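Chemist: Following the hints, complete the assembly by docking chains B and C onto the known chain A.
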Amino acid sequence: MMRVFAFAAAVVLVLLPALADNYVLRVATTMLMYSALALGWNFIGGFAGYPSFATAAFFGLGAYASGVLQTMGVPMPAAWALGGAIVALFAAALGRAILHLRGHYFAIASLVVAEVLREITNSATDLTGGGMGLNLPVLSLDVTNQARLFYYAMFVAAAAALATTAFVAHNRLGFGLRCIQQNEDAAIMLGINTLRYKVVAFVLSAVFPGVCGGIYASWVNYIDPTDVYDVLLSVKPIVMVLLGGVGTVMGGVYGAILFLLMEELVWRNLLQFHAGLLGIIVVCLVLFLPNGLRGAGWAKPWWRRRTEEAAP
Amino acid sequence: MTAMLRLLNVSRRFGGLIAVNNVSFELRAGEIVGLIGPNGAGKTTLVNLITGVHRAGAGEIWYGDERIDRLPPDRIARLGIARTFQVVQPFPLMTVLENVTGGALFAGGVPTIGAAKEKAMEHLTFTGLSHLAERPASSLTLANRKRLELAKSLATNPRLLLLDEVNAGLNAAEIDAALDLIRAIAARGITILLIEHVMKVVLTATSRVLVLHHGELIADDTPGSVTRDPRVIEAYLGPKFAARYGALAP
Amino acid sequence: MLYVQVLVNGLVLGGLYSCIAVGFSLVWGVLNVINILHGSLIILGSYAAFFAYQYLHINPFLFVPVAALLLFCLGYAIQLVFINRVMGSAVLITLTLTFGLNLLLYNLMILAFKADFRKVTLSPPLGSLNLAGVIVPVDRVISMGFALALVGLLYALLRGSRIGRAIVAVRMDREAAQLMGVNVSRIYAITFGLGAAMAGAAGSLFSVMFPISPETANALLGKAFVICVLGGLGSVPGVMVGGLTLGIIESYSALFFGPEFSVTISFTLLILLLMFRPTGIMGRRGYQ
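Protein sequences appear in the order of chains A, B and C. Reading the first sequence from the start, the letters are residues 1 to 312 in the numbering used here. Reading the second sequence from the start, the letters are residues 1 to 250 in the numbering used here. Reading the third sequence from the start, the letters are residues 1 to 288 in the numbering used here.
These aren't lab readings, by the way, just hints derived from the structure by calculation. Here the structure is a predicted model, which means the values were calculated and not measured. Be careful, since some hints might not be right.
Stated by the list, open to error - If you anchor each label on the Cβ, the simulated ranges turn out as follows:
hint : chain 1 : residue 1 : chain 2 : residue 2 : range
1    : C       : 111       : B       : 141       : 55 to 63 angstroms
2    : C       : 183       : A       : 274       : 36 to 44 angstroms
3    : C       : 127       : A       : 124       : 34 to 42 angstroms
4    : C       : 279       : B       : 214       : 24 to 32 angstroms
5    : C       : 127       : A       : 133       : 36 to 44 angstroms
6    : C       : 281       : A       : 124       : 27 to 35 angstroms
7    : A       : 125       : C       : 116       : 23 to 31 angstroms
8    : A       : 125       : B       : 115       : 54 to 62 angstroms
To be verified - Far from chain A, by Cβ distances over 12 angstroms, these chain C residues were calculated:
hint : residue
9    : 61
10   : 70
11   : 148
12   : 161
13   : 165
14   : 237
15   : 256
Ideal Cβ placement from N, Cα and C applies to all residues, glycine included.
This is chain A alone, in the form it adopts within the complex:
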C-alpha cells in the first residue's frame, strides 16, 4: 500500500512542471530544498544524536562557493558539484575538530561556525562582494524553463538525500551511528571507531545543504551573507525533523512538507511576525508533540533516552 502511494507521489513530482503553474512550482522547489536540508540534518542529529546547528554554515558556504565559481566562469552544474565538494571537505575538517565535543559544547561550536563564516564572507569583499552581496550570472532561459530547471535540480538533490538516508539506515554505518546515539562509550568498546563514523555523518549532513545552497544561489541570482548564513536555516530543518520523526527515513520529508504548508498558508501574510510565529510553533512542538506527528514507535519520547546521561 505504502509502495503504491510512494510510487504515485514520485510520478506526480516528476511530472509536476508539466502540470502546475510557476507559483506551485516555486513552492514545490522550496519543499524539495527543505526536504534535502532536513534529511541532511537527520544524519548527524537523528542517526548519530549530535545536536548540530551547522546547517546554515554549510548552506551558506555552498551558496558562496558555487556563486563565486560561477562568476569566474565555471558552468553552473559544475559549480554546484564543486561547491558541494568544497563543503564536504570543510565539514570533514570541521568534524575532526569539534566532534569530540558532546552535548552543549558541540551544539555551540556548530552554531558559531556559521557566524564566523558570515563575518569572513562579509570581509572578503573582493571575492564575495562582502555585505553588498553577490550577483550571479543570469541564465539565458525564459522564466518557465528556468523554474523547471531549478525544480528538477532540487528534485535530484532531495532524491539523492532520501536515497542516501534509506541506504545508510539499513547498513553498517547507520547501525553504528545508532549505537553511538544510544550509548557512545559502549559503542567504542564494541569496536566502533566513533570519530570516523561521526565525521562521515557530519559530512553527509553538510553535502546536501551545500549543494542546495549552490542551487539556491543560482535560482535567486543574488545572495548576501545575512541571507544564506541565517541561523534560521539551521533551526528550520531541526524543527522539520522533530515534526516528522527523528532518526527515521521519511521523517525529514514529512516534516518538510508539513512545515512548508504551514509557512505558506499561515505565514505568508504575516511578514512582520515571521520569526515570532516560528518561535511559537517551535515551543508548542517541543512541549506538546515530543514525538513529532508520527509517534516514532518508541515507548518514550526519543529524547528521554538521554535522561540517564544528564550528568551531575
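Modeler: Just chains B and C, lined up with the frame of chain A:
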C-alpha cells in the same frame, strides 16, 4: 610460549592520587584469573588501562606479540579484548538482539547485518536470553542485563574477556547460574580475568588470584594461598583485626 | 602609554562583560540549559532603562534594581511555564525550546520598539576622568563599579543565603537535594529568574554605554558564550576572569584589527577554545 597478556610496571595517576602503582603480571591462554581487592584498590582502573580507556602513565601492556598500551579502545576491542562494565551499559532502546548484533557486527568482524544477527542469536542462546531477543534492553531485569552485557562481549569474538563484577547485585541462585556460564565460556578457550567481590566465585572458579591494594599488586597466587596470605588479610581487615584474627584463619 | 589606555579600556569593558555573562553562566551551570534568550533579556532590560529615562527621567544607574526585579519576574515565569517541562531532556530539546522562545521575544521587541538604535544620552553628560594620562569616561567607570558590585552580590547570595545554598545543592546533586526537602522546580525558577535579573541589570548599565536594538541581542549572547567557556563553567570567579579576559582581548584586537572584527575574533576564539581547551582558563570542568 608468549603469554596472552602481560603488564610490565604499569602505573597511572589521577591528579595527586596514584590509582595503579607499578603493577606487573601475566595472563596465560585459557586461564581463569581472579582480581580482588578492597574498594578503591584500582581494579576497574586496571581494566580501563588494559582496554585503552585510560592511558598508562608508565609501563607497558602487551597482548601476545603486540604492544597495546598506546592504542585507542576501539582498536583494542577489535584485537580481541572484551570487557563488561560494572554498571551495565546497554543500548537502552534497541532490542536485546540488536544489542548483541552490535558486538558481532563491529569488533566481531561479521560483514553484514543479517549474518551478524544470526551470530547474535547464537550468543543469546548460549547465555540463555534467546526468549527475550525482541524486547528493548531497558526492560530487562538486572540479572538479565548482566547476561546481555556478557552476550555482547562474547559477540565481539574475544580471546581475552575482562569481567568487571558481573555478580554484583545478584542473588545466590543467579550467581550459581553465572558461574556455570563463566565456566562454559572458559571451555570455549577464552581467557578470563574476573574482578570480583563475591568470594565464593573467586575461590571456586579461578585457578589463580591477583590481589590489588591501594593500586599495588600485593599477591599473585592460588586462591587457597591468597586467602591465607597475611598481607591480604591485613588489606581487607585492617592491621588491628588482622593481628587479632590472622592467627585464627584456616 | 597607548597600551595602558587600551588595557584600562579592556578592564573597564571586562567588568561589564562579567555582569553580562554571570546570569548566563548560572543558568547553564545549575540548570544545564543554554539560555538562548539571554541576549534578548539584556536588551529588554536596556529598553526598560531607556524608556524609564526618557519618560520618567530615572537615571539608568538608579534603575538597575528595578530592571533586575522586572526581569526576575519574567525569568521566573518563563522557567516555570516553559522550561521546567523539559528539564533533564536532551540538549537538542532544551536548546530548541529556548531558541523558539527567543524568536518570539525578539519578534515582539522588533514590533514594539522597531529595529533602529536607541541610546541613553545622559544630561548633563558625565564627562571623563584623566588618571595619569589614561582617559576613562565616568559613565563607564560607574558601570564597571555597578557591574562588579552586582557580580559580587550574586556571589555572596550563592554562598551565604539559604536560597543560594539550595541552588548550589541542586547543582551538585539534584536527587540528594530533593531528599533534603528542596523544592527543585522552585529553585530552578528562582535560578532562571536570578539569571534574568542579572541580565536586566546588565542591560540597564549597557544602555548608558552602547546603542541598543533587538539586533544586538545575538552579539551579547555570543559574548556570554565566549566568557563562560573562557572562564570555565560553574563559578562566579571564573566568569570574572572570563569577562576581564574578553574585555582585554577585544580592546587590543580593536587596536590592531579595527573594532568591526570584535565579534569574529570572539567567535574564532570560542571555536579554538572548544577545540583545544573546553574547560577554559581556570580549567574547571563544566556541564556538558
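Chemist: Now, for every hint given, state plainly whether the structure supports it.
Modeler: Hint by hint, here is what the structure shows:
Range check, residue 111 of chain C to residue 141 of chain B: Cβ separation about 57 angstroms, and the 55 to 63 angstroms hint holds. For residue 183 of chain C and residue 274 of chain A, the Cβ-Cβ distance of about 39 angstroms falls inside the hinted range of 36 to 44 angstroms, so the restraint holds. For residue 127 of chain C and residue 124 of chain A, the hinted distance range of 34 to 42 angstroms is satisfied, since their beta carbons lie about 41 angstroms from each other. Evaluation of the 24 to 32 angstroms hint for residue 279 of chain C and residue 214 of chain B yields a pass: the beta carbon distance comes to about 29 angstroms.
Take residue 127 of chain C and residue 133 of chain A: their Cβ atoms lie about 42 angstroms apart, and the range 36 to 44 angstroms holds. Between residue 281 of chain C and residue 124 of chain A the CB atoms are about 31 angstroms apart, so this pair conforms to the stated range of 27 to 35 angstroms. Judged by the Cβ atoms, the range 23 to 31 angstroms given for residue 125 of chain A and residue 116 of chain C holds: they are separated by roughly 26 angstroms. Between residue 125 of chain A and residue 115 of chain B the Cβ separation comes to about 57 angstroms, which falls inside the hinted range of 54 to 62 angstroms.
No Cβ of chain A approaches the Cβ of residue 61 of chain C within 12 angstroms, the least distance being about 32 angstroms, so the stated non-interface status holds. At roughly 21 angstroms, the least C-beta separation between residue 70 of chain C and chain A is larger than 12 angstroms, which holds for a residue marked as non-interface. In this structure residue 148 of chain C is separated from chain A by more than 12 angstroms, as the shortest Cβ-Cβ distance comes to about 26 angstroms. Every C-beta of chain A lies more than 12 angstroms from that of residue 161 of chain C, the closest at about 22 angstroms, which supports listing it as non-interface.
Distance check on residue 165 of chain C: its Cβ is at least 17 angstroms (rounded) from any Cβ of chain A, clearing the 12 angstroms threshold; non-interface status holds. Separation of residue 237 of chain C from chain A is adequate, the least Cβ-Cβ distance of about 21 angstroms exceeding the 12 angstroms criterion. No Cβ of chain A approaches the Cβ of residue 256 of chain C within 12 angstroms, the least distance being about 15 angstroms, so the stated non-interface status holds.
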